[in-house]
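Number of protein chains: 2
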Amino acid sequence: MRDHSHFRYEEVATFITGLVDSGTLPPGSRAPSLRDISRQRQISVSTALQAYRLLEDRGVLEARPQSGHYVAKRAAIRLEAPAISKPPSKATPVAVSAMLLKLQQYSTDPRLVPLGWAFPSAELLAAGRLDRFLARAARTKGVGHNTYTVPKGDLRLRQEIARRALRWGQALSPEDIVITCGCTEAVTLALNIVAQPGDTIAIESPTYFGLLRSLEVLGLKVIELPTDARSGIDLSALKRVLERGSVKACLFSSSFNNPLGCTMSNAKKLKVLTLLARYRVPLIEDDIFGDIYFGPQRPTPFIALDRGGNTIYCSSFSKTIAPGYRIGWMAMKTEMQKQRALERKLAFTLSGPPLLQAAFADFLSSGGYDNHLRRIRRVFEDTVDRMIRAIDRSFPTGTKVTRPAGSFVLWLELPKSMRTRVLFDQALEHGICFVPGDVFSANGRFGHCLRLSCGHGWDARIEKGVLKLGELACAAAAR
Amino acid sequence: MRDHSHFRYEEVATFITGLVDSGTLPPGSRAPSLRDISRQRQISVSTALQAYRLLEDRGVLEARPQSGHYVAKRAAIRLEAPAISKPPSKATPVAVSAMLLKLQQYSTDPRLVPLGWAFPSAELLAAGRLDRFLARAARTKGVGHNTYTVPKGDLRLRQEIARRALRWGQALSPEDIVITCGCTEAVTLALNIVAQPGDTIAIESPTYFGLLRSLEVLGLKVIELPTDARSGIDLSALKRVLERGSVKACLFSSSFNNPLGCTMSNAKKLKVLTLLARYRVPLIEDDIFGDIYFGPQRPTPFIALDRGGNTIYCSSFSKTIAPGYRIGWMAMKTEMQKQRALERKLAFTLSGPPLLQAAFADFLSSGGYDNHLRRIRRVFEDTVDRMIRAIDRSFPTGTKVTRPAGSFVLWLELPKSMRTRVLFDQALEHGICFVPGDVFSANGRFGHCLRLSCGHGWDARIEKGVLKLGELACAAAAR
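Sequence lines, in order, name chains P and B. Heads up, the first sequence is in the numbering used here, so the first residue is 423 and it goes up one at a time. Heads up, the second sequence is in the numbering used here, so the first residue is 423 and it goes up one at a time.
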């Protein structure tokens with residue numbers, strides 16, 4: 423299904439940017455005239471003008487009076503994408519929690535330039551309409567909701583989530599869904615369903631540190647699979663570990679792996695599912711960034727492609743509208759998984775706050791969430807583009823950076839000699855926060871990498887922070 | 423510290439009820455005159471009259487015109503308390519989740535007489551003032567709180583909780599406290615801190631099934647200790663399992679064990695702590711019912727008596743004001759425990775909803791919570807007394823029932839031949855819900871016991887439900 427959220431002028435801007443980044447339009451060359459581009463792309467001249475203004479604003483094009491648009495000198499992004507990762511193929515216990523706890527103290531410090539934690543900024547989310555639904559629910563529904571929800575969570579909220587899942591072609595029933603405390607609880611419950619302590623889980627490499635933390639406290643080991651920043655995991659590596667019978671389950675991202683930004687194609691997802699079905703290994707998928715896609719179509723989650731019913735889906739509203747509401751969910755198709763999910767939900771947290779769930783259901787059913795998503799997708803896409811360009815301007819030669827087609831994080835690979843843990847301490851002194859790379863691996867890999875968040879949109883403070891960080895990285899690289 | 427919440431007339435009512443139940447004042451005998459009792463107890467005649475009216479209302483006394491007050495025929499409770507439990511002293515894996523899930527489907531069914539789940543009724547809690555604080559917070563603090571809290575949870579809420587803990591003489595710092603999703607998450611995190619899967623935890627017998635569920639999903643085994651409905655666990659049994667080195671930690675209630683209602687005296691708690699310190703075994707205490715005491719003084723939690731710092735305290739506001747807010751907390755004193763608690767909190771649920779926490783802090787700091795507690799303590803005490811009398815009137819000879827000095831649950835031991843699981847199905851057909859006894863044990867014990875909740879206050883529907891249940895039990899006992 424085509425998503426009309428992607429406006430024509432943005433498509434044209436993406437098209438021109440592609441020509442620039444590929445070298446087809448070299449720096450200093452003349453861009454197609456507005457008249458030409460409007461004819462070629464079958465758009466109005468005013469839409470073409472809107473696209474060119476966006477590109478001027480992003481520093482890709484420069485307008486010269488009486489002469490037209492030219493490619494800016496620094497317009498092309500010279501940075502390569504990171505190469506495929508090469509983790510060891512052995513099972514490893516996870517021990518990242520203590521380090522993460524130290525880093526976490528900086529996660530909510532408002533004095534720091536927020537390039538670290540993948541939190542969307544509350545100002546940017548502008549969730550006041552949702553808050554008004556909560557205020558109304560608190561005034562009018564308090565007594566009815568001052569109790570425990572049914573174990574699965576508010577029925578209307580589950581209905582709204584199931585309704586939205588129709589868009590990716592998967593008929594989820596409200597009975598397939600369990601509301602959780604964010605995606606974190608969903609993943610932790612899912613892991614507790616499919617694995618026992620001591621078991622091994624196959625994951626992407628690098629992988630989101632929060633998943634590693636969940637794996638750690640549940641006493642699980644991991645095998646990290648080679649993962650490409652564009653196409654995702656290496657299928658033959660997955661096949662090898664499945665053949666060895668060494669993994670109990672897989673935990674993959676559905677879309678825009680955090681931190682790499684990669685999404686497997688549907689064809690590749692089907693191959694993964696076929697492999698997993700052959701070896702009867704269940705899949706847990708983390709789709710938390712799925713709704714933040716920059717292209718015309720939302721990536722399809724595994725569960726929508728899985729005919730075998732052995733996928734547990736996890737997501738939340740924390741990245742798109744309401745990190746403060748802590749509403750996530752998991753979905754699964756087999757009765758055994760559903761029963762186990764409920765048993766664990768009851769044991770871990772019993773129930774979520776019914777008023778928040780009711781208010782969220784009110785908000786979703788009132789409409790407007792899709793408009794909200796369209797708006798923030800544009801903001802994140804724009805910020806990602808600008809941040810890549812700022813990195814290109816300021817980081818040392820040899821730096822590689824991802825070019826995600828969704829989400830709002832970037833993964834940087836600095837020259838091998840760099841230690842981003844050292845850079846982290848230097849950056850803190852300059853009031854800048856990012857996440858060093860080694861917490862994205864159970865094997866202590868990625869010590870020369872780092873993750874930057876684009877969750878706060880683009881402004882002078884963010885830009886200054888990125889440029890300063892690049893300067894610090896250059897100084898460190900020169901030593 | 424003396425708590426002034428217990429009014430003089432209630433003390434007098436309790437005094438007279440004690441004389442009746444002990445047989446000092448037999449049925450049909452004349453109660454002390456108002457003048458006598460006011461002189462003896464040093465109260466005004468009007469206070470004495472208030473006490474006697476309460477006793478009339480409860481069916482303990484009858485007023486005869488021109489003649490004074492007499493003990494009602496059915497006033498004395500003939501029911502004995504259950505004898506001390508005698509569980510096997512071996513470690514047992516726990517497997518109650520699947521059965522609980524079946525029972526749980528009835529937990530929120532409004533068509534059933536709610537004698538089952540220990541939920542306080544929302545009408546009785548009347549938490550409208552709290553909801554108004556939430557509505558205000560949602561209107562005025564939405565943007566600032568649409569993010570993740572610091573890992574420990576809202577600072578002001580932790581300050582309010584620490585301030586309240588001063589009353590039991592324990593100087594808890596806000597830094598000792600981690601906000602959780604109810605007491606359930608607190609206990610689950612605490613167990614995950616002190617034990618590995620396969621380890622054994624010593625618990626009371628019977629013990630709350632929710633604790634058993636947490637133990638089960640964490641892969642822990644239990645040793646059930648003999649527990650007396652008045653004085654709590656058998657110290658010598660605890661000593662034996664500690665000597666054998668067979669337990670990794672203990673999980674005891676601080677006050678009003680669910681379902682027995684027993685509370686260990688401070689002297690006994692100190693002995694428990696001394697024993698645990700000698701064997702370096704940590705204690706997790708569940709104090710969820712601590713604020714619902716009927717006597718003049720709140721029971722003292724273990725952590726307030728523990729000089730060794732090896733106690734993890736767990737509680738919540740779910741039984742006293744806001745089951746729907748899902749706000750619980752854990753407190754501990756050592757840095758190692760605090761770090762581990764945070765690591766696990768982050769891994770399990772990351773963060774609670776900041777707006778709910780902020781609203782709750784606003785509510786607590788505005789005062790009025792203590793008045794609320796005084797009111798609901800009286801309601802629960804009254805309901806417990808009336809329900810015991812209704813049980814006395816209707817259940818089969820040989821039934822034993824607890825006489826809790828706090829909380830709002832009763833534990834009934836029926837004649838040994840009874841199967842309360844069978845009675846449960848019969849009761850459902852009559853629209854009555856209770857909890858069968860065998861889910862309070864990992865060893866399948868207590869099949870002839872059941873738990874009744876007094877959380878909905880007393881009314882004709884509840885009374886009819888209890889009497890009908892007694893009738894069904896009599897019919898079953900007669901077979």
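FYI, nobody ran anything at the bench for these hints, they're computed from the structure. The structure displayed is predicted, hence computed values, not measured ones. Treat the hints with care, since some could be wrong.
Note: identical chains are not told apart, hence a pair may lie in one copy or across any two.
Said to hold, decoys possible - Once the Cα atoms are required to be at most 20 angstroms apart in a straight line, the calculated SDA-like pairs of lysine to any residue come out as:
1) Lys-524 to Met-758
2) Lys-563 to Arg-551
3) Lys-661 to Glu-597
4) Lys-563 to Ser-451
5) Lys-574 to Leu-523
6) Lys-693 to Gly-490
7) Lys-524 to Glu-597
8) Lys-670 to Gly-641
9) Lys-512 to Asp-531
10) Lys-760 to Gln-527
11) Lys-574 to Gly-641
12) Lys-886 to Ser-468
13) Lys-690 to Ser-839
Do the hints match the structure? See the list:
no.	hint	result
1	Lys-524 to Met-758	between (39 angstroms within a copy, 14 angstroms between copies)
2	Lys-563 to Arg-551	both (17 angstroms within a copy, 13 angstroms between copies)
3	Lys-661 to Glu-597	neither (33 angstroms within a copy, 48 angstroms between copies)
4	Lys-563 to Ser-451	neither (63 angstroms within a copy, 51 angstroms between copies)
5	Lys-574 to Leu-523	between (31 angstroms within a copy, 11 angstroms between copies)
6	Lys-693 to Gly-490	neither (48 angstroms within a copy, 88 angstroms between copies)
7	Lys-524 to Glu-597	between (40 angstroms within a copy, 16 angstroms between copies)
8	Lys-670 to Gly-641	both (13 angstroms within a copy, 17 angstroms between copies)
9	Lys-512 to Asp-531	neither (37 angstroms within a copy, 50 angstroms between copies)
10	Lys-760 to Gln-527	between (36 angstroms within a copy, 14 angstroms between copies)
11	Lys-574 to Gly-641	neither (26 angstroms within a copy, 23 angstroms between copies)
12	Lys-886 to Ser-468	neither (33 angstroms within a copy, 76 angstroms between copies)
13	Lys-690 to Ser-839	neither (34 angstroms within a copy, 62 angstroms between copies)
Hints 3, 4, 6, 9, 11, 12 and 13, counting from the list given before, are not met by this structure.
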